[in-house]
Amino acid sequence: MSNAQQIDSEILSIEPVGAYFHVVLHAPTVAEHVEPGHFAAVSVGGIGSAMLLRRAFSIHRATPGESIELIFAAHGQGTQWLATANVGDVIDIIAPLGKPFALPNQPVGAVLVAGGYGAAPMGMLAQALRDRGCDVAVVLGAASQDRLFGVLDLSRDADHFAVTTDDGSSGMRGRVTDALPDAMRNINAKVVYACGPMGMLQAVSRVAQKFGAFSQCAVEESMACGIGICMTCVLPVIGDDGTTRMVRSCVDGPVFRGDRVRWDDVHTIPHDAHGAPIVGGH
Amino acid sequence: MSVDLSTSLGSLQLSSPTLTASGCAASGRELSQFGDLSTIGAVVTKSVMQNARSGRATPRMAETPSGMLNSIGLQGQGVETFIEKDLAWLNANGVTTVVSIAGSTTAEFAALAARLCDVPGIAALEVNISCPNVESRGQVFACDPYAAADVIRAVLGEWSSSAPVLAKLSPDVTDIVSIAHSVHEAGVDGVSMINTLLGMVIDVDRMKPLLGGRTGGLSGPAIRPVAVRAVYQVHAALPELPILGMGGIRTGHDALEFLAAGASAVSIGTVVFGDPRAPWRVAEELSNELSSRGYASVRDVIGLAHR
Chain A
1 MSNAQQIDSE ILSIEPVGAY FHVVLHAPTV AEHVEPGHFA AVSVGGIGSA MLLRRAFSIH
61 RATPGESIEL IFAAHGQGTQ WLATANVGDV IDIIAPLGKP FALPNQPVGA VLVAGGYGAA
121 PMGMLAQALR DRGCDVAVVL GAASQDRLFG VLDLSRDADH FAVTTDDGSS GMRGRVTDAL
181 PDAMRNINAK VVYACGPMGM LQAVSRVAQK FGAFSQCAVE ESMACGIGIC MTCVLPVIGD
241 DGTTRMVRSC VDGPVFRGDR VRWDDVHTIP HDAHGAPIVG GH
Chain B
1 MSVDLSTSLG SLQLSSPTLT ASGCAASGRE LSQFGDLSTI GAVVTKSVMQ NARSGRATPR
61 MAETPSGMLN SIGLQGQGVE TFIEKDLAWL NANGVTTVVS IAGSTTAEFA ALAARLCDVP
121 GIAALEVNIS CPNVESRGQV FACDPYAAAD VIRAVLGEWS SSAPVLAKLS PDVTDIVSIA
181 HSVHEAGVDG VSMINTLLGM VIDVDRMKPL LGGRTGGLSG PAIRPVAVRA VYQVHAALPE
241 LPILGMGGIR TGHDALEFLA AGASAVSIGT VVFGDPRAPW RVAEELSNEL SSRGYASVRD
301 VIGLAHR
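Those sequence lines, one after another, are chains A and B. The letter at position 41 of the first sequence is residue 41 when you use our numbering, and the numbering goes up by one with no holes. The letter at position 232 of the second sequence is residue 232 when you use our numbering, and the numbering goes up by one with no holes.
Source of the hints: derived by calculation from the structure; they are not laboratory data. Among the hints, erroneous ones may be present.
[Unchecked claim] In silico lysine to any residue, SDA-like type, Cα no more than 20 Å apart, as pairs:
no.	chain 1	residue 1	chain 2	residue 2
1	A	Lys99	B	Ser32
2	B	Lys208	A	Ser222
3	B	Lys208	A	Val266
4	B	Lys85	A	Gly239
5	B	Lys85	A	Asp167
6	A	Lys99	A	Met198
7	B	Lys85	A	Gly275
8	A	Lys99	A	Gln127
9	B	Lys85	A	Met198
10	B	Lys85	A	Asp252
11	B	Lys208	A	Glu221
12	A	Lys99	B	Gln33
13	B	Lys208	A	Asp265
14	A	Lys190	A	Phe211
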């Protein structure tokens with residue numbers, strides 16, 4: 001079980017960053033438990049809100065004894081409400097949640113790949129990897145320049161750095177997977193870490209496999225509770241025993257081995273999944 | 001003033017009137033990070049079926065005004081794993097446990113009752129005859145008074161335990177009182193009400209129903225007045241039949257409405273997804289609501305709105 005805590009957290013700062021918002025939350029007792037890949041679930045709309053469900057954001061940074069930081073896009077009613085919150089406002093959060101990125105035991109080359117605000121956890125992850133003596137390459141992608149996140153921070157200490165945009169407004173025109181092979185060769189990568197849309201994760205995991213590298217993918221699935229009780233955020237993942245199960249991305253993930261996720265079958269129940277409907281059955 | 005929060009559902013004595021709701025607390029373990037489950041009325045487990053079941057395709061949920069739709073489809077490990085892992089954990093942690101069972105057929109319900117009746121640590125059985133997330137409306141036994149009674153008779157035929165058996169009713173019927181009458185005559189010890197209402201959200205970008213299962217069950221405060229009405233109607237018709245009330249309870253004030261309408265205890269469901277401390281919080285708030293109105297106990301207000 002995780003070290004999740006439900007706390008009332010004061011907003012220490014909230015600022016727009018490109019197409020996103022960066023919020024710093026007073027969370028002294030939470031921060032020390034945060035590992036790269038953990039997420040926070042935030043209540044939106046205030047007391048008596050018609051929005052019952054929390055919004056989940058991966059944790060960008062954690063300063064033990066002080067704060068945690070989140071990055072979010074104000075693309076729905078809940079996140080738009082959050083974007084209008086002020087410094088000094090108190091919001092109800094649960095964190096840290098989920099299984100974080102698994103770190104290698106050896107100092108191997110690692111490529112960090114992120115789409116848009118999927119770059120949020122990558123700074124913390126890069127630091128953790130460097131602390132273990134890993135070479136770290138970073139590939140950031142987005143639809144356009146304003147949707148990139150963390151370019152300055154992540155380029156600073158990277159052993160290899162690339163940016164791609166769909167429209168060519170920054171870096172190479174194309175997808176992250178166009179820049180990934182070079183990054184992998186350059187630092188002799190043995191593991192790829194990825195966070196972003198499902199299509200990107202699938203493509204990244206495929207490239208990693210081609211190079212014989214592991215991949216660790218942080219998925220994004222719509223979830224109601226974030227703590228493992230509602231069973232809405234499931235996806236088909238192959239277990240150590242070779243059996244596919246519909247597992248919860250909130251507690252069994254959000255980070256999964258890319259080669260274990262049945263990407264083509266996401267949003268379906270594969271016929272060979274544990275407990276799948278049998279023809280003529282339920 | 002200290003308030004006596006104890007209550008009962010038939011022969012089941014409860015130290016607190018707030019329970020979890022089936023499907024809204026899994027089997028308790030995850031929720032135990034947020035409070036001591038032995039101090040709430042009971043954990044009502046997610047409905048268990050005979051065999052492992054994968055549930056429906058995603059997306060399985062859509063947030064709606066003051067509520068949500070779900071189309072999970074009874075994903076679970078099956079009864080053997082449930083007994084071995086979930087029930088064992090609940091018992092080891094001193095949690096009062098109401099086991100919810102679901103079947104695709106009357107025979108499956110009976111087989112589950114037979115399997116569970118000698119298993120220790122089951123305080124009550126909730127028979128989920130009203131899950132809307134099944135392939136055919138014919139499997140929503142609670143929509144038909146005869147089918148509902150058949151399932152209850154089949155369960156009671158196998159249920160040699162003295163723990164009470166509750167039937168979970170659906171609000172998606174013309175007359176919920178006739179269904180309550182029917183299960184009452186079949187011998188049920190109480191009713192849980194209400195299950196979710198069948199609903200749909202359309203994704204207008206894809207021009208398709210948003211949920212993988214197309215339809216889903218609507219729950220949350222949006223359905224609370226429907227639930228209060230249903231509890232009121234059934235209590236008026238069958239005042240001796242114990243009712244576990246549920247449907248969008250968010251506060252102690254909401255819980256008090258259900259008690260006044262005739263519920264003897266309440267389940268906190270969807271609100272737990274947003275506030276995992278809700279089962280404990282609602283009990284505290286209810287105590288304050290009772291105290292501020294001069295009531296000494298939960299029992300004092302049950303059905304009071306019928307005077």
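Quick rundown of the hints versus the structure:
1. Taken as a hint, the Lys99 (chain A) and Ser32 (chain B) pair is honoured in the structure, with Cα atoms around 18 Å apart against an allowance of 20 Å.
2. Note on Lys208 (chain B) and Ser222 (chain A): the hinted pairing holds, with a Cα-Cα distance of about 17 Å set against a maximum of 20 Å.
3. In summary, the hint linking Lys208 (chain B) to Val266 (chain A) is supported, as the alpha carbons are separated by about 17 Å, within the 20 Å threshold.
4. The suggested pairing of Lys85 (chain B) with Gly239 (chain A) holds, with an alpha-carbon distance near 19 Å, which does not exceed 20 Å.
5. With a CA separation close to 52 Å, the supplied pair Lys85 (chain B) and Asp167 (chain A) exceeds the 20 Å bound.
6. Between Lys99 (chain A) and Met198 (chain A) the CA atoms are separated by roughly 18 Å; this keeps the pair inside 20 Å, and the hint holds.
7. Our distance criterion of 20 Å between C-alpha atoms is met by Lys85 (chain B) and Gly275 (chain A), whose separation comes to about 17 Å.
8. A C-alpha spacing of about 18 Å is found between Lys99 (chain A) and Gln127 (chain A), which places the hinted pair at or below 20 Å, so the restraint holds.
9. For the suggested pair Lys85 (chain B) and Met198 (chain A), the alpha carbons sit about 32 Å apart, so the restraint of at most 20 Å is broken.
10. This hinted pair checks out: Lys85 (chain B) and Asp252 (chain A) have alpha carbons roughly 17 Å apart, not beyond 20 Å.
11. With a C-alpha separation of about 19 Å, the suggested pairing of Lys208 (chain B) with Glu221 (chain A) holds against the 20 Å cut-off.
12. Of the supplied pair hints, the one linking Lys99 (chain A) and Gln33 (chain B) holds, its CA atoms being roughly 16 Å apart against a limit of 20 Å.
13. Distance check on the hinted pair: Lys208 (chain B) and Asp265 (chain A) sit about 19 Å apart at the alpha-carbon level, within 20 Å; holds.
14. Our distance criterion of 20 Å between C-alpha atoms is met by Lys190 (chain A) and Phe211 (chain A), whose separation comes to about 8 Å.
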